[in-house]
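Colleague: In case you want the letters, here they are:
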Amino acid sequence: MLAEAPAGWSRAQRRLHWWSAGLILGGFAIAWPMVALPLDQLLAKFLLYQAHKTIGLTVLALLLWRGALRLRRGRPAWDAGLPPGQARLAGAVHLALYALMLVVPVLGYFTAATAPAQVPTLFLLVIPVPHAVGADPAAFGVLRVVHRALAILLVALAAGHAAMAVHHHRKGLPILARMWRATP
Amino acid sequence: MRRAVAMLGLLALLLGGGVPARAGETYDIDQTYGDIGFKVHHLGLFSSAGTFRRFTGRITIDQTHPENTRVAVVIRTASVAMDWENAASMLRSAPYFDVARYPDARFTSTRVIPRGPDRYDVEGLLELRGVTHSLVLHAALVGQRPSGVAGQEIADFVVTGRLRRSMFGMTADPAFISDAVDLRIDARLRLYVAARAG
Ligand code: HEM
Ligand code: HEM
Numbered sequence: 000m001l002a003e004a005p006a007g008w009s010r011a012q013r014r015l016h017w018w019s020a021g022l023i024l025g026g027f028a029i030a031w032p033m034v035a036l037p038l039d040q041l042l043a044k045f046l047l048y049q050a051h052k053t054i055g056l057t058v059l060a061l062l063l064w065r066g067a068l069r070l071r072r073g074r075p076a077w078d079a080g081l082p083p084g085q086a087r088l089a090g091a092v093h094l095a096l097y098a099l100m101l102v103v104p105v106l107g108y109f110t111a112a113t114a115p116a117q118v119p120t121l122f123l124l125v126i127p128v129p130h131a132v133g134a135d136p137a138a139f140g141v142l143r144v145v146h147r148a149l150a151i152l153l154v155a156l157a158a159g160h161a162a163m164a165v166h167h168h169r170k171g172l173p174i175l176a177r178m179w180r181a182t183p
Numbered sequence: 000m001r002r003a004v005a006m007l008g009l010l011a012l013l014l015g016g017g018v019p020a021r022a023g024e025t026y027d028i029d030q031t032y033g034d035i036g037f038k039v040h041h042l043g044l045f046s047s048a049g050t051f052r053r054f055t056g057r058i059t060i061d062q063t064h065p066e067n068t069r070v071a072v073v074i075r076t077a078s079v080a081m082d083w084e085n086a087a088s089m090l091r092s093a094p095y096f097d098v099a100r101y102p103d104a105r106f107t108s109t110r111v112i113p114r115g116p117d118r119y120d121v122e123g124l125l126e127l128r129g130v131t132h133s134l135v136l137h138a139a140l141v142g143q144r145p146s147g148v149a150g151q152e153i154a155d156f157v158v159t160g161r162l163r164r165s166m167f168g169m170t171a172d173p174a175f176i177s178d179a180v181d182l183r184i185d186a187r188l189r190l191y192v193a194a195r196a197g
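Residue numbers (numbering that gives the first Met the number 0), protein chains in the order written: chain R, 0 to 183; chain W, 0 to 197.
No wet-lab data here; the hints were simulated from the structure. Treat the hints with care, since some could be wrong.
What the hints assert, rightly or not - Beta-carbon label-pair distances, calculated as ranges:
| hint | chain 1 | residue 1 | chain 2 | residue 2 | range |
| --- | --- | --- | --- | --- | --- |
| 1 | R | Asp39 | W | Leu44 | 15 to 21 Å |
| 2 | R | Pro115 | W | Ser146 | 34 to 40 Å |
| 3 | R | Asp39 | W | Gly147 | 27 to 33 Å |
| 4 | R | His93 | W | Arg100 | 47 to 53 Å |
| 5 | R | Gly84 | W | Asp82 | 51 to 57 Å |
| 6 | W | Thr59 | R | Phe122 | 42 to 48 Å |
| 7 | R | Gly140 | W | Ser46 | 33 to 39 Å |
Stated by the list, open to error - To spell it out: a stretch of chain R is covered by chain W in this simulated footprint if at least three of its residues, at any positions, have a beta carbon under 8 Å from a beta carbon of chain W; those stretches are:
| hint | region |
| --- | --- |
| 8 | 40-48 |
| 9 | 170-179 |
What the hints assert, rightly or not - Chain W regions said to be covered by chain R (calculated; three or more residues, Cβ under 8 Å):
| hint | region |
| --- | --- |
| 10 | 82-95 |
| 11 | 122-129 |
| 12 | 150-158 |
Note that the Cβ used here is the ideal one computed from N, Cα and C, for glycine as well.
Generate the whole structure from the sequences, applying the supplied hints.
Modeller: Structure below.
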């Protein structure tokens with residue numbers, strides 16, 4: 000029985016899924032005004048950066064937690080109503096989402112660390128997160144572009160993923176429902 | 000004598016002069032080594048620092064009355080530099096140094112007061128953004144050694160001070176940028192020490 004797939008998503012898995020989704024969308028949304036704000040609004044800019052970095056690091060922590068749960072507990076079997084081709088596609092998208100949830104925050108961390116404006120990273124505005132590397136304008140120029148591009152890819156993939164979830168839900172498959180509440 | 004040498008260096012401190020100074024003369028000194036640095040604080044959480052790349056100084060040394068030493072420094076405000084160029088260009092803009100209207104800032108000493116071994120207070124007037132206020136700088140001789148050239152010595156000075164930028168009309172962004180600005184000037188002076196033989 001232990002080798003069998005669980006009947007449904009555990010409560011922790013469901014909570015972590017929705018918390019991660021919410022934080023990613025929130026962090027993505029504030030990234031744009033944060034970068035666009037002019038320097039005569041430094042306080043607001045600073046607070047948005049700290050919020051963005053705090054959110055992103057939280058996503059990273061939640062990912063590690065989720066990843067550990069997933070490796071230990073696994074996932075429920077694909078819904079029987081899902082054509083095998085779509086299940087394979089969904090599996091690939093889930094893997095890509097996991098990878099991006101790891102890579103985007105890590106790149107964000109190095110973007111912050113190499114930025115020519117040496118602003119510290121303060122988790123929740125109070126806990127200093129050491130920067131492993133120092134200012135490096137050339138690296139920063141590359142990192143910020145890759146961080147942004149992969150963040151856009153992450154959110155675009157998640158949007159497609161969510162659209163499919165809603166699509167299947169409307170077709171009556173209990174896929175969204177079992178991610179939303181406990182499987183009886 | 001060490002004190003007199005320190006006093007000579009004092010002048011240099013503000014100038015970071017690479018030109019040897021000799022008593023009883025006036026020197027126009029271009030900055031070669033020195034560094035005029037400043038630092039502001041943000042929310043008590045961290046700070047940022049910058050420097051001025053271009054400044055010139057004139058020193059008048061009176062060897063018999065070192066306390067009559069005069070220091071005058073002119074700083075090119077447009078030469079302000081920070082690690083982040085966007086921040087430096089912000090500092091050049093009207094709410095900060097307003098370099099288009101005030102291309103120079105000036106410090107002119109009025110009095111030099113010995114405060115202990117190798118320590119001096121330099122009282123003077125700072126003109127910034129067209130506003131003049133008194134400012135006291137604290138100078139310390141932190142190192143003195145032969146330069147390798149006969150009759151010359153290298154003296155290193157650290158000069159510190161603190162001003163309130165609002166007094167000079169620089170009131171922008173008080174929520175994020177502290178009113179207090181810490182100054183730190185590192186200077187190196189090449190002194191002729193032939194007269195020191197005694
Ligand atoms: C899920 C996590 C994250 C997402 C979705 C995300 C998204 C983004 C996006 C879209 C931008 C570009 C904004 C623009 O160019 O206008 C950005 C910029 C930035 N992010 Fe993130 N980010 C995440 C995590 C992090 C983390 C963990 C850090 C640092 C600890 C971070 C630091 C930065 C920095 C410093 C910039 C600004 C780069 C610049 O000034 O151009 N990000 N982020
Ligand atoms: C940034 C946003 C999101 C990310 C990064 C994300 C990521 C993921 C990942 C990695 C999985 C696979 C879980 C595993 O195999 O361990 C998953 C499953 C799932 N996600 Fe999302 N998701 C996001 C948003 C959404 C949204 C908005 C919805 C619904 C509208 C949604 C619905 C689902 C459902 C229903 C499953 C379960 C699929 C199944 O049981 O086979 N997700 N999500």
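Colleague: Evaluate each hint against the coordinates.
Modeller: Hints, one by one, checked against the model:
A hinted range of 15 to 21 Å for the beta carbons of R/Asp39 and W/Leu44 is consistent with their spacing of about 20 Å. R/Pro115 and W/Ser146 have their C-beta atoms about 36 Å apart, which keeps the hinted 34 to 40 Å range intact. Roughly 50 Å separates the CB atoms of R/Asp39 and W/Gly147, a value that falls outside the hinted 27 to 33 Å. For the pair R/His93 and W/Arg100, the supplied restraint of 47 to 53 Å is violated, since their beta-carbon distance comes to about 60 Å.
Restraint check, R/Gly84 to W/Asp82: a C-beta distance of roughly 53 Å satisfies the suggested window 51 to 57 Å. With their beta carbons about 54 Å apart, W/Thr59 and R/Phe122 fall outside the hinted range of 42 to 48 Å. For R/Gly140 paired with W/Ser46, a C-beta distance near 25 Å fails the hint of 33 to 39 Å. Given a C-beta distance limit of less than 8 Å, the hint that chain W covers the region 40-48 of chain R holds, as 3 residues qualify and 3 suffice.
Chain W is given as covering the region 170-179 of chain R, and this is violated because 0 residues of the stretch bring a CB closer than 8 Å to a CB of that chain, at least three being needed. Coverage of a stretch by a chain is defined here by at least three residues with a beta carbon nearer than 8 Å to that chain's beta carbons; for the region 82-95 of chain W and chain R the count is 7, and the condition holds. Residue count for the region 122-129 of chain W with a Cβ under 8 Å from a Cβ of chain R: 0. That is fewer than the three needed, and the coverage hint is violated. Counting residues of the region 150-158 of chain W whose beta-carbon sits less than 8 Å from any beta-carbon of chain R gives 0, not enough to reach three: the coverage restraint is violated.
Hint violations for this structure: numbers 3, 4, 6, 7, 9, 11, 12, all remaining hints satisfied.
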